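Asker: Taken in order, these protein sequences are the chains called A and B. In this note's numbering, each residue's number is its place in the first sequence (first place is 1) plus 335. In this note's numbering, each residue's number is its place in the second sequence (first place is 1) plus 39.
These aren't lab readings, by the way, just hints derived from the structure by calculation. Given the structure is predicted, the values throughout are model-derived calculations rather than measurements. Think of the CB as a built atom: it goes at the ideal place given N, C-alpha and C, for glycine as much as any other residue.
Computed footprint of chain A on chain B, listed as stretches where at least three residues anywhere in the stretch have a Cβ under 8 angstroms from a Cβ of chain A:
(1) 80–89
(2) 141–154
Over 10 angstroms on every C-beta distance to chain A, these chain B residues come out as not near it, computed from the model:
(3) N61
(4) M93
(5) Q97
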Amino acid sequence: ETGVTQSPTHLIKTRGQQVTLRCSSQSGHNTVSWYQQALGQGPQFIFQYYREEENGRGNFPPRFSGLQFPNYSSELNVNALELDDSALYLCASSSGLAGGSYNEQFFGPGTRLTVL
Amino acid sequence: GESVGLHLPTLSVQEGDNSIINCAYSNSASDYFIWYKQESGKGPQFIIDIRSNMDKRQGQRVTVLLNKTVKHLSLQIAATQPGDSAVYFCAENREGGTSYGKLTFGQGTILTVHP
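Construct all of the structure, not just a fragment, from the sequences and the given hints.
Answerer: Written as structure tokens, this is what we have:
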């Protein structure tokens, strides 16, 4: 296991509702990235948090928002849920930004969100 | 952005055979590439990586080849085992600057290994 945990495991919501997903990063990791994985597709980058600040965003609307806490755990919030938001939401943690040097990202098991 | 399809390519092999999984990447500025394995109900798991200043890198039973001229990446798995059955994704990243750690994933390939 990677040491990255996510909750809840599964979630069912209806269109228009709001949802909050949680991620606990691996010990010592200060960077968390969130990805959306639709069925049969590769993960798509949503945004990244580094030391409690958003550090880049993919092609997702503002109703996708996030937070990172002082202990580096993170939340992903989605407002006004749409049917197409049904997906596996993955978070990945890494040991931080290092100029020009990649630090491996460790993925959690994901939260399966179903929007009806 | 990348294009993704709704139907993943599939590769079916016999146990003990060698497997080759291919990937075309889109961003010529990408300088770091990773292969991930994703089993059902789990998040992607790191297999091997390669930087753009290399064209080959070997790990345990796995080899990654990079052809920057045609923006092509391949993963070779030697002596494939049933436990290798999974979906395999390539991912690209541009190191440094604001693109750090923001992976762009490929379509994925379903590998099935028959005993």
